[in-house]
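Student: Work out the full structure: start from the sequences and follow the hints.
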Amino acid sequence: MQILLNVIAIFDSMREEGCGNKMGFNLKLEHIKFLMIEGANWSDEQHSHEDVYQISVPLTGRLIADLNQKTYSMSEGEALITNPLSSHSHLFEDVPSSMFLIGLDREALNTWMKERNGHHEIEFREHQVISSFHIKKQVKYWFNHYLFDNHQDSYVIEDEVFKFFTTLFDGSYSKQHFHDSVHRHPDFLVKKVLDFIHSNYDKEINVETLARIAQQSKYHFIRNFKKFTNQTPYQYLLQIRIEKGKELLLNTDKSVLEISYELGFSNPSQFYRNFIKVTGCTPIEFKGS
328 MQILLNVIAI FDSMREEGCG NKMGFNLKLE HIKFLMIEGA NWSDEQHSHE DVYQISVPLT
388 GRLIADLNQK TYSMSEGEAL ITNPLSSHSH LFEDVPSSMF LIGLDREALN TWMKERNGHH
448 EIEFREHQVI SSFHIKKQVK YWFNHYLFDN HQDSYVIEDE VFKFFTTLFD GSYSKQHFHD
508 SVHRHPDFLV KKVLDFIHSN YDKEINVETL ARIAQQSKYH FIRNFKKFTN QTPYQYLLQI
568 RIEKGKELLL NTDKSVLEIS YELGFSNPSQ FYRNFIKVTG CTPIEFKGS
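Each residue of the sequence shown is one higher than the one before, starting from 328 at the first, in the working numbering.
Incorrect hints may have been included.
Unchecked claim - 25 Å max Cα-Cα, derived DMTMM-like pairs, lysine to aspartate or glutamate:
1. Lys553 <-> Glu531
2. Lys467 <-> Asp486
3. Lys545 <-> Glu531
4. Lys441 <-> Asp378
5. Lys397 <-> Asp378
6. Lys355 <-> Glu448
7. Lys355 <-> Asp378
8. Lys604 <-> Glu570
9. Lys441 <-> Glu357
10. Lys614 <-> Glu589
11. Lys571 <-> Glu357
12. Lys604 <-> Glu531
13. Lys360 <-> Asp371
14. Lys360 <-> Glu453
15. Lys573 <-> Glu589
16. Lys463 <-> Asp522
17. Lys604 <-> Asp529
18. Lys604 <-> Glu585
19. Lys463 <-> Glu531
20. Lys360 <-> Asp378
21. Lys467 <-> Glu365
22. Lys581 <-> Glu570
23. Lys464 <-> Asp580
24. Lys463 <-> Asp371
25. Lys463 <-> Glu570
26. Lys490 <-> Glu450
27. Lys604 <-> Asp421
28. Lys519 <-> Asp421
29. Lys463 <-> Glu405
30. Lys614 <-> Asp486
31. Lys441 <-> Glu485
32. Lys614 <-> Glu485
33. Lys573 <-> Glu405
34. Lys490 <-> Asp432
35. Lys467 <-> Glu485
36. Lys397 <-> Glu448
37. Lys573 <-> Asp522
What the hints assert, rightly or not - Here are the in silico distance ranges between beta carbons for each label pair:
38. Arg452 <-> Glu585: 27 to 35 Å
39. Glu357 <-> Lys467: 19 to 27 Å
40. Val605 <-> Leu418: 35 to 43 Å
Everything labelled a hint here was simulated from the structure, so no lab data went into it.
Every residue, glycine too, gets a C-beta built ideally from N, C-alpha and C.
Tutor: This is the structure in structure tokens:
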């Protein structure tokens with residue numbers, strides 16, 4: 328019941344402050360906070376948190392994030408983890424965008440980790456490749472299965488959340504935390520494939536190569552990949568290429584021909600056709616919009 332009261336209070340304060348157009352889903356537990364922000368032409372001031380690990384997950388559009396004097400231009404499929412005391416800020420430009428902000432209490436997370444493997448203060452690798460679908464699916468699961476289930480204590484949710492994110496993300500604890508059985512877990516192996524795709528999207532990639540990286544048969548790899556991302560490997564690769572193409576169209580003077588080959592398409596017509604399929608407009612129309 329305490330969780331439900333927290334959520335009601337948060338949504339009430341949002342209505343009073345008139346910020347409903349910027350905030351969506353918002354859930355606050357004792358040691359964890361989930362917040363969804365959406366809009367355009369929005370930013371927060373440069374700041375830091377002494378007692379929170381903050382996870383920024385772009386969902387739609389583009390997120391410009393500054394972290395420790397380094398700028399990241401991010402879209403769906405990426406995450407930025409801000410360790411405590413790290414200076415950071417967020418920015419949405421004029422394209423409608425959305426993101427999850429997830430805050431994990433520093434003391435609670437480190438206590439949880441210490442009890443399980445003796446590791447003390449942990450530090451996450453800052454920029455990582457993830458499946459935002461996987462995170463959205465898990466957040467929805469926690470909300471639906473625990474929010475209105477009064478017999479569930481908040482610590483049950485927090486235990487699952489800490490386990491989920493320390494398994495999903497790499498950090499200083501990884502060599503200890505990811506023992507052999509975790510390295511063989513399908514989700515961990517699919518994440519290795521996502522890393523490979525994001526690093527090699529401009530090259531020719533086939534399913535056989537990805538299945539070898541995942542150490543799975545072609546059939547099991549495709550099934551696990553779709554379960555993790557809600558897309559086939561080809562659809563995911565296409566999405567990455569089109570998002571990169573949109574960025575090049577908006578921020579460079581390169582021609583459609585140059586961009587199509589830079590993204591790894593075999594010819595400009597393939598880029599043109601898939602761009603329309605994904606965005607609903609031609610590359611030229613998008614550039615001029």
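Student: Could you tell me which of the hints above the structure violates, numbers in ascending order?
Tutor: Failing hints, ascending: 11, 19, 23, 28, 30, 32 and 40.
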